[in-house]
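Starting from the known structure of chain C, arrange chains A, Z and X on it as the hints suggest.
Protein chains: 4
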Amino acid sequence: MTLDLDAEVARLREQVATLHGELVRYNLVAWTAGNVSARVPGRELMVIKPSGVSYDDLRPDNMIVCDLDGVVVDGDLSPSSDTAAHAYVYRAMPEVGGVVHTHSGYATAWAACGEAIPCNLTAQADEFGGEIPVGPFALIGGDDIGKGIVATLSGHRSPAVLMRNHGVFTIGRDARAAVKAAVMCEDVARTAHLARTLGTPVPMAQADIDSLYDRYQNVYGQSGP
Amino acid sequence: MTLDLDAEVARLREQVATLHGELVRYNLVAWTAGNVSARVPGRELMVIKPSGVSYDDLRPDNMIVCDLDGVVVDGDLSPSSDTAAHAYVYRAMPEVGGVVHTHSGYATAWAACGEAIPCNLTAQADEFGGEIPVGPFALIGGDDIGKGIVATLSGHRSPAVLMRNHGVFTIGRDARAAVKAAVMCEDVARTAHLARTLGTPVPMAQADIDSLYDRYQNVYGQSGP
Amino acid sequence: MTLDLDAEVARLREQVATLHGELVRYNLVAWTAGNVSARVPGRELMVIKPSGVSYDDLRPDNMIVCDLDGVVVDGDLSPSSDTAAHAYVYRAMPEVGGVVHTHSGYATAWAACGEAIPCNLTAQADEFGGEIPVGPFALIGGDDIGKGIVATLSGHRSPAVLMRNHGVFTIGRDARAAVKAAVMCEDVARTAHLARTLGTPVPMAQADIDSLYDRYQNVYGQSGP
Amino acid sequence: MTLDLDAEVARLREQVATLHGELVRYNLVAWTAGNVSARVPGRELMVIKPSGVSYDDLRPDNMIVCDLDGVVVDGDLSPSSDTAAHAYVYRAMPEVGGVVHTHSGYATAWAACGEAIPCNLTAQADEFGGEIPVGPFALIGGDDIGKGIVATLSGHRSPAVLMRNHGVFTIGRDARAAVKAAVMCEDVARTAHLARTLGTPVPMAQADIDSLYDRYQNVYGQSGP
Chain C
0 MTLDLDAEVA RLREQVATLH GELVRYNLVA WTAGNVSARV PGRELMVIKP
50 SGVSYDDLRP DNMIVCDLDG VVVDGDLSPS SDTAAHAYVY RAMPEVGGVV
100 HTHSGYATAW AACGEAIPCN LTAQADEFGG EIPVGPFALI GGDDIGKGIV
150 ATLSGHRSPA VLMRNHGVFT IGRDARAAVK AAVMCEDVAR TAHLARTLGT
200 PVPMAQADID SLYDRYQNVY GQSGP
Chain A
0 MTLDLDAEVA RLREQVATLH GELVRYNLVA WTAGNVSARV PGRELMVIKP
50 SGVSYDDLRP DNMIVCDLDG VVVDGDLSPS SDTAAHAYVY RAMPEVGGVV
100 HTHSGYATAW AACGEAIPCN LTAQADEFGG EIPVGPFALI GGDDIGKGIV
150 ATLSGHRSPA VLMRNHGVFT IGRDARAAVK AAVMCEDVAR TAHLARTLGT
200 PVPMAQADID SLYDRYQNVY GQSGP
Chain Z
0 MTLDLDAEVA RLREQVATLH GELVRYNLVA WTAGNVSARV PGRELMVIKP
50 SGVSYDDLRP DNMIVCDLDG VVVDGDLSPS SDTAAHAYVY RAMPEVGGVV
100 HTHSGYATAW AACGEAIPCN LTAQADEFGG EIPVGPFALI GGDDIGKGIV
150 ATLSGHRSPA VLMRNHGVFT IGRDARAAVK AAVMCEDVAR TAHLARTLGT
200 PVPMAQADID SLYDRYQNVY GQSGP
Chain X
0 MTLDLDAEVA RLREQVATLH GELVRYNLVA WTAGNVSARV PGRELMVIKP
50 SGVSYDDLRP DNMIVCDLDG VVVDGDLSPS SDTAAHAYVY RAMPEVGGVV
100 HTHSGYATAW AACGEAIPCN LTAQADEFGG EIPVGPFALI GGDDIGKGIV
150 ATLSGHRSPA VLMRNHGVFT IGRDARAAVK AAVMCEDVAR TAHLARTLGT
200 PVPMAQADID SLYDRYQNVY GQSGP
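Chains as they are written, first to last, in numbering that gives the first Met the number 0: chain C, 0 to 224; chain A, 0 to 224; chain Z, 0 to 224; chain X, 0 to 224.
FYI, nobody ran anything at the bench for these hints, they're computed from the structure. All values reported here derive from a predicted model rather than from experimental measurement. It cannot be assumed that every hint is accurate.
[To be verified] With beta-carbon atoms standing in for the labels, derived distance ranges:
1) Gln216(Z) x Leu4(X): 35 to 43 Å
2) Gly41(C) x Pro93(X): 39 to 47 Å
3) Pro202(A) x Gln216(Z): 34 to 42 Å
4) Gly41(C) x Ser53(A): 25 to 33 Å
5) Ser153(A) x Gly41(C): 20 to 28 Å
6) Ser53(C) x Asp66(Z): 50 to 58 Å
7) Tyr54(X) x Ala206(A): 13 to 21 Å
8) Asp143(C) x Thr196(X): 27 to 35 Å
9) Gly41(Z) x Arg10(A): 43 to 51 Å
10) Ser53(C) x Pro202(A): 43 to 51 Å
[Said to hold, decoys possible] With a straight-line cut-off of 25 Å between C-alpha atoms, the simulated DMTMM-like cross-links for lysine to aspartate or glutamate are:
11) Lys146(Z) x Glu94(Z)
12) Lys146(Z) x Asp209(A)
13) Lys146(A) x Asp213(C)
14) Lys146(A) x Asp209(C)
15) Lys146(X) x Asp207(Z)
16) Lys146(X) x Asp209(Z)
17) Lys146(X) x Asp68(X)
18) Lys146(X) x Glu94(X)
19) Lys146(Z) x Asp213(A)
20) Lys146(A) x Glu43(A)
21) Lys146(A) x Asp207(A)
22) Lys146(Z) x Asp173(Z)
23) Lys146(Z) x Asp207(A)
24) Lys146(X) x Glu43(X)
25) Lys146(X) x Glu130(X)
26) Lys146(C) x Glu94(C)
27) Lys146(A) x Asp207(C)
28) Lys146(C) x Asp213(X)
Ideal Cβ positions, reconstructed from N, Cα and C, are used throughout, including at glycine.
Chain C extracted, bound-state conformation (with noise of 0.2 Å):
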């Protein structure tokens, strides 16, 4: 690697490793099912977890670097075994430089009814700009994870989608992107599990929902340096 390489690709294990921690803090997993990855911009790799090591184990150094093939280029440890639907996702969403995992209660909780999470809240028109769709159900393995998550997102407001029977998958400019979309995803599914569950949701209109993703997705935060 060059030099530039091994700076970017060590600040992504730094990253990574760090980002799981909000998994946990956010509740998102358990034991070990749970995953984030990064690009590493510009080159055909991503930085990604060890399967099967627990979140308190995760370190920069036994993060696990991989081709968008998954073929393990750097790492002592097999990669997760959702490495394949991450490199999936990097090979056809180039946009996409982050990708998170997780089977986070609630949302799963819709993802095992194949029901999309119906838009009634401001917070879910901020950040998924309507509805969370639901993706097909398909075996781990080969591609049919990744295919299933490209099909649904590619031209959707949403960066999250709830496999059927599965879990969420969630993508983002970065890692810390998807994590954050992973965070808002389960706390959106949560209300709108509560909502359910309480009474009749009052659904918003389609104009409102329009006009609070585009201000979210153009004001909110700080601006960039």
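Just chains A, Z and X now, kept in the frame of chain C:
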């Protein structure tokens, strides 16, 4: 600024930064979605959270000082995207010294359904004096949210309003009281949700609600210095 | 105070202050809404939480010593607003050495519905010996709450009562036992709620409940020195 | 004991004490209601939690060593009141190296209803190979619980059984695997509960369940040294 004002602003920067930790502790916020502000007593100024900054990174020196039109007076970052709503409340309700906004899940579920929380708990009678009301749906970006809060809470016992399809705003004589109202609003919303999904809550007599509210507002806690 | 009494009160100040941490750990309390007390054995005295003080700020030296009419004997702050209820229990039930009050969410949901928690769990049979009963609605400020607790729990196996529209009071031979009952009451109330919203809980035979209760009260844990 | 046995028992005392922390971390236990044991490989011995001791106070040196009839071989305290059930499992199932018992809330709610958890999630197919079965109601104190566990799990893919009106027992090749099964059982029970209260879970094809189970048992994680 005068020395007195400097000291007062410094005190409020510390208080507002610290109080955000209570939103995290009581699980009222995900990622960066919630904010606290305090009026600078006797001045046309408020101290508020910066926009889109992680709760881990809040410190007294990155809080933002704005005037009551929401214009930044002191601070390097953009203020919370909810600044206009906070500012509107301070302009319209001179007795209010603190404002809090969250999307806490149970309260927001009631807001999504457009249902006021009925008062079936002594804790709700104590703190809210009856039902917790619903405010109108309003888009962010102008004074509509602020107007909705003020229209709903003016002359109402409750320091909390459930803004439809959105979340909770609470007010208090200072920022700590507004945070307490946000914590108790979610606690009451949760218990009321659990009661609704369990069976049929038993109504309380209005005279009992009135008696509890009167006592709690006048007797509870330590008498002032 | 005599030296012996001083030592005993010091021990109970430490114990009562520390046990409030268990209410926080098990998520039984929001803000300042919950309290623990201990009888001073052989004396007409009790140690109780001060009113409206944050759990973070409780220390042995700010606990309040009251007589069994609720009059402060030692302490600079006002005692818990529930002091009269604790005191009434100690006066009426000489075998009780500790009292706990919370608004823990699941148990309070049962209280809001005025429903006793039916005994469908071996853990409930062990600790409560059958259903957890509902006590009357009562206003704070006199002896009505205390009377309701005593009337409901006298001669009942359960150390916990669900006061209607209010919350939970538990008793024990000492403060630690009362705290354990409060923790187990919420745990059982939660599982019973989850079972009710899931399907149809299977009833247990009364003879099995009796057998479990008898064994747990006489065999479980380490035998005393 | 021989030196080798001493070293092995010391290792298991440490492991069993530490693994109880996972029950606390994943919120599977309240107060002292849950326990982990490990078989001493190649010996008629097991290491188990003492009865009624707080999780904060568990240390390697207060774990109890029993023979497989539950008789204490080494330890100053009484062993867990569930020791007979653990011992029965070790006697009847020689491939089992670890046993865990909890009353974790969601799983116990299914147990209270006497309902097996249907397999509508890939995570459940991976870990449990299909539904999580219900075992019989059984009183504590003899071999009835152990017999119920063994009768239900023998020849079943699932390492977890929901004992009716009681709670969960899980088994594994070692104590860590049994703890993982307990964590995943509650996670799956929770998501299945949330799906049931939300809508209608979509069934999975048996062939897909079989495929997922086969892959997870043989491919997931790091291959052994």
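Broken hints, numbered, in rising order? When the structure is compared with the hints, numbers 2, 5, 7, 21 turn out to be violated.
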